[in-house]
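J.: Spelled out, the chains give:
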Amino acid sequence: MIGLIILAIFITLIVLAIAIIQNDDLPHSVVLFMGFGLGSVILYFLFSAPDVALTEAVIGTGVSGVVFLVTLLQIRSKEIKK
Amino acid sequence: MKFSIRSIFISLIVSIMIVLLLQIFLQFDLVTSSAGSFVLNINANSTESANAVTSVVTYFRGFDTLGEVTILFLSIFGISLGLEGYRDKFNIFAYENSLLKIAVDTLFPLIVLFGVYIIIHGHLSPGGGFQGGVIIASAFLLMFLAKSNDFSLKHNILELAESLSGAGFILLGVLSILIINRFLGNFLPLGKIGELFSGGVIPLIYIFVSIKVSAEITSLVEYFIRIKDVK
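Chains as they are written, first to last, in the numbering used here: chain A, 1 to 82; chain B, 1 to 231.
Honestly, the hints are just simulated from the structure, not real lab data. Values in this document were obtained by computation on a predicted structure and should not be read as measured data. Even glycine gets a Cβ: it sits at the ideal position worked out from N, Cα and C. Treat the hints with care, as some may be off.
Just some of the chain A residues that point at chain B, by a computed CB distance under 8 Å [said to hold, decoys possible]:
| # | residue |
| --- | --- |
| 1 | Leu-38 |
| 2 | Ile-42 |
| 3 | Val-58 |
Distance windows between CB atoms, simulated [as the list claims (entries may be wrong)]:
| # | chain 1 | residue 1 | chain 2 | residue 2 | range |
| --- | --- | --- | --- | --- | --- |
| 4 | B | Asn-181 | A | Ser-64 | 39 to 45 Å |
| 5 | B | Leu-21 | A | Ser-64 | 43 to 49 Å |
| 6 | A | Met-1 | B | Lys-101 | 20 to 26 Å |
| 7 | A | Met-1 | B | Ile-10 | 28 to 34 Å |
| 8 | A | Ala-49 | B | Gly-191 | 36 to 42 Å |
| 9 | A | Leu-7 | B | Phe-183 | 40 to 46 Å |
| 10 | A | Leu-4 | B | Gly-191 | 22 to 28 Å |
| 11 | B | Ser-75 | A | Leu-7 | 49 to 55 Å |
| 12 | A | Val-31 | B | Ile-10 | 19 to 25 Å |
| 13 | A | Phe-45 | B | Lys-101 | 50 to 56 Å |
| 14 | A | Pro-27 | B | Leu-188 | 45 to 51 Å |
| 15 | A | Pro-27 | B | Ser-75 | 23 to 29 Å |
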């Protein structure tokens, strides 16, 4: 059962990664990236690495997503004012 | 969201390949690999720390952790060097959401308390200095998001905490050289495994690392959020 869950999350992560790259809308891409981080948190936890899971939950889904979104906002406002 | 047929096809092929590789990968017996079981065997006697990952990070390779903290400091230094001219009081997330403003006053101490719990229980449960420090920094990030312009950091306290914790980490190592002739070794009484005051020098190192990491990530977030509006 655990193996099936692991396989399902692996396949979801691969599809999510390709969706992140292929997406034209960059804020959508950032949100999908945070979802990718959430899936990898579950994987790290199931592979008995709770320390890495905690780090990924804080860094991958929290801080880096906000930093990406702020950078996108900056680029947007620059493009609009040009 | 747009999916072309080609991307779906590529993702299917890659996932099938990963599934086949995973079947080979899962046949390995992961428990009896040499390095992990060796560390687990010597961990209980040498550090009395319940969390083996913590004792690897701060005790068995404490010098590497010093290098990691230095790398984090250098990257924040580079960002501050590049963005210093663009810093302004203007907050890019200028929401006026009263619900978030009221809720954040309750949430902020709770998140900081959770971060402190993660830090001081780093040798007992998953987590530690880096994770707890980033959790405290995310509390400040929530503060920046909710209170747009009427929240500001005290920069001299931030700099003082950052530099004192970095100096404290190195002082701990030098003190350890003077006492037991090994850099970042254990010179404190070990205590009993599973108790809060155990693990010798590990909780002290993690407290220094957590103060340094939380100050650095908070200043990073401030640099990115309080940036001058492009005119």
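J.: Confirm or reject each hint.
T.: Tested hints:
1. For A:Leu-38, the suggested interface contact is broken, since its CB lies about 15 Å from the closest CB of chain B, more than 8 Å.
2. Among the interface hints, the one on A:Ile-42 is violated; its C-beta lies about 14 Å from the nearest C-beta in chain B, farther than the 8 Å criterion.
3. Because the beta carbon of A:Val-58 sits about 4 Å from the nearest beta carbon in chain B, less than 8 Å, this interface hint is met.
4. Under the hint 39 to 45 Å, the C-beta atoms of B:Asn-181 and A:Ser-64, about 41 Å apart, fit the expected range.
5. In this structure the hint that B:Leu-21 and A:Ser-64 lie 43 to 49 Å apart at CB is violated, the actual value being about 27 Å.
6. A C-beta distance of roughly 45 Å is found between A:Met-1 and B:Lys-101, which places it outside the suggested range of 20 to 26 Å.
7. For the hinted restraint 28 to 34 Å between A:Met-1 and B:Ile-10, the CB-CB distance of approximately 29 Å keeps it satisfied.
8. Checked against the hint of 36 to 42 Å, the pair A:Ala-49 and B:Gly-191 fails, with Cβ atoms roughly 26 Å apart.
9. Our hint of 40 to 46 Å for A:Leu-7 and B:Phe-183 holds, since their Cβ atoms are close to 45 Å apart.
10. Hint check: A:Leu-4 to B:Gly-191, Cβ distance near 43 Å, so the stated range 22 to 28 Å is violated.
11. Taken as a hint, the range 49 to 55 Å is violated for the pair B:Ser-75 and A:Leu-7, whose Cβ atoms sit roughly 36 Å apart.
12. For A:Val-31 and B:Ile-10, the Cβ-Cβ distance of about 22 Å falls inside the hinted range of 19 to 25 Å, so the restraint holds.
13. Range check, A:Phe-45 to B:Lys-101: about 34 Å between beta-carbon atoms, so the 50 to 56 Å window is missed.
14. Our hint of 45 to 51 Å for A:Pro-27 and B:Leu-188 holds, since their Cβ atoms are close to 49 Å apart.
15. Our hint of 23 to 29 Å for A:Pro-27 and B:Ser-75 holds, since their Cβ atoms are close to 25 Å apart.
Of the hints listed earlier, those the structure fails to meet are numbers 1, 2, 5, 6, 8, 10, 11 and 13, in rising order.
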